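Sequences listed follow chains E and V, in order. For what it's worth, UniProt numbering labels the leading residue of the first sequence as 1, then goes sequentially. For what it's worth, UniProt numbering labels the leading residue of the second sequence as 1, then goes sequentially.
Simulated from the structure, these hints should not be mistaken for lab results.
Now the stretches of chain E that chain V is said to cover, found in silico as 3 or more residues with beta-carbon under 8 Å:
(1) 8-22
(2) 70-82
(3) 97-103
(4) 176-186
All values derive from a computational prediction rather than experimental measurement. Quick reminder that beta carbons are idealized off the backbone N, C-alpha and C, glycines included.
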Amino acid sequence: MGGFLKSSIAKKVAMALSGLFLVLFLLQHFTINLTSVFSEDLFNELSHFMGTNFLVQAVLQPVLIFGVIFHFVMGFVLEAKNRGARNVKYVKYNGGANSSWMSRNMIYSGLVVLAFLALHFYDFWVPEIVHKYVESHPEDASRYYSEMIVKFEDPIRVAAYCLSFVFLSLHLLHGFSSSFQSMGWNNKYAKGVRGLTVAYAIIIPLGFIFIALFHYINNL
Amino acid sequence: MKLTLKIWRQENAKATGKMVSYPIDGIEGDMSFLEMLDVLNEELVAKGEDPVEFDHDCREGICGTCSLQINGEPHGPDRLITTCQLHMRKFNDGDTIVIEPFRANAFPVVKDLIVDRSAFDRIQQAGGYVSVNTSGNTIDANSIPVNKHDADDSFAAATCIGCGACVAACKNASAMLFTSAKVSQYALLPQGQVEATDRVMNMVRQMDLEGFGNCTNTGACEIECPKGISLENIARMNREYLSASTKG
Chain E
1 MGGFLKSSIA
11 KKVAMALSGL
21 FLVLFLLQHF
31 TINLTSVFSE
41 DLFNELSHFM
51 GTNFLVQAVL
61 QPVLIFGVIF
71 HFVMGFVLEA
81 KNRGARNVKY
91 VKYNGGANSS
101 WMSRNMIYSG
111 LVVLAFLALH
121 FYDFWVPEIV
131 HKYVESHPED
141 ASRYYSEMIV
151 KFEDPIRVAA
161 YCLSFVFLSL
171 HLLHGFSSSF
181 QSMGWNNKYA
191 KGVRGLTVAY
201 AIIIPLGFIF
211 IALFHYINNL
Chain V
1 MKLTLKIWRQ
11 ENAKATGKMV
21 SYPIDGIEGD
31 MSFLEMLDVL
41 NEELVAKGED
51 PVEFDHDCRE
61 GICGTCSLQI
71 NGEPHGPDRL
81 ITTCQLHMRK
91 FNDGDTIVIE
101 PFRANAFPVV
111 KDLIVDRSAF
121 DRIQQAGGYV
131 SVNTSGNTID
141 ANSIPVNKHD
151 ADDSFAAATC
161 IGCGACVAAC
171 KNASAMLFTS
181 AKVSQYALLP
191 QGQVEATDRV
201 MNMVRQMDLE
211 GFGNCTNTGA
221 CEIECPKGIS
231 LENIARMNRE
241 YLSASTKG
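For reference, chain E alone in the conformation it holds in the complex (with noise of 0.2 Å):
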């Protein structure tokens, strides 16, 4: 594997498979979160199970790490010898007159991604860890929803959520599409995966703003 990955074409792929891969959890994690909105014993139940499930708990989520570490990882290896690779820069370089902002800075959307993340850690994953394994609190199923709404109290903390997300859109407009170019996947069906790049890198960090902002003006 490591000999596998040393090639530019498997870095390419790598990044392709892990990054579709945290596409598919994203609309996971997306599906959960909208029934907070209109259905608080629906969002328990899901929080629960997810929390509780042996198969989510002790494969998915472990798998799921891996997924996210390495994608960041092999996204900082790659830029690092992309950079490399031009010592001397231009003193002028017009890069807006042949590709697309987003495709340019895909580094800048993934770290504020990750900046997200480290909050996301913080806000949710690390206590729900500390309450179930290091604290070992008794089940409780209805605890979710509860701990959940608190955390959107706080403006600034909204405001990060919100523009965090709008960062992701970016990184989702070139990444989603671009991961089947990589993995080979350029035919007639082409325009019909950069449609739905499009729709997906759209509707799915706005869905997760308009949840965020839903939850803010609640608590109002």
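Starting from the known structure of chain E, fit chain V onto it as the hints suggest.
The following block gives chain V in isolation, referenced to the frame of chain E:
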């Protein structure tokens, strides 16, 4: 037309270069960009200064020799042309034009605006060919039926002139558009199948060894390519590479 040229001057491969400004007058819109540089060089020679070194050969847009990063874009602001096909009517009186060599570690500067693009030759030599027995019993290539669509795509890939604009345009200095065009032109034809596995593995290995960056699908190469080589070729090369990897 009166212009200010800001040109990269570098004495040799080891020297430190710098941008130098040259005012120039009397440039006509019908001149090609290279003819404009010829005018500048005549003036410099008349003044006893070193002329600006730049690559050029056919001046018809087919040899791939002329290069130049002009105002931040390889071959200048126009599309589907090489620098020799760029005309001064694309610029306005009073403009400042920044002229730099194609930049990539794999394309070291030889002098001024001339870079060494032999990395492309080595990628081609690593597998960009078909082995044909020519000892008197050569079979006519046309006797093997080829799907029209494949033949057209192969020809389109083969129109790559190896100028290096893809590398120059790419923010990562990646050579994947060039390499993929050379892989594709054979991968699409029956004559290319015999050596297909070794070809893509060896050409990609050489491309990586030369120190080019990795492709991040910005698409800048496709836009700046004077021959319109498509990104589909990179996707095809990726497929060929993954397929070849599984064959060992």
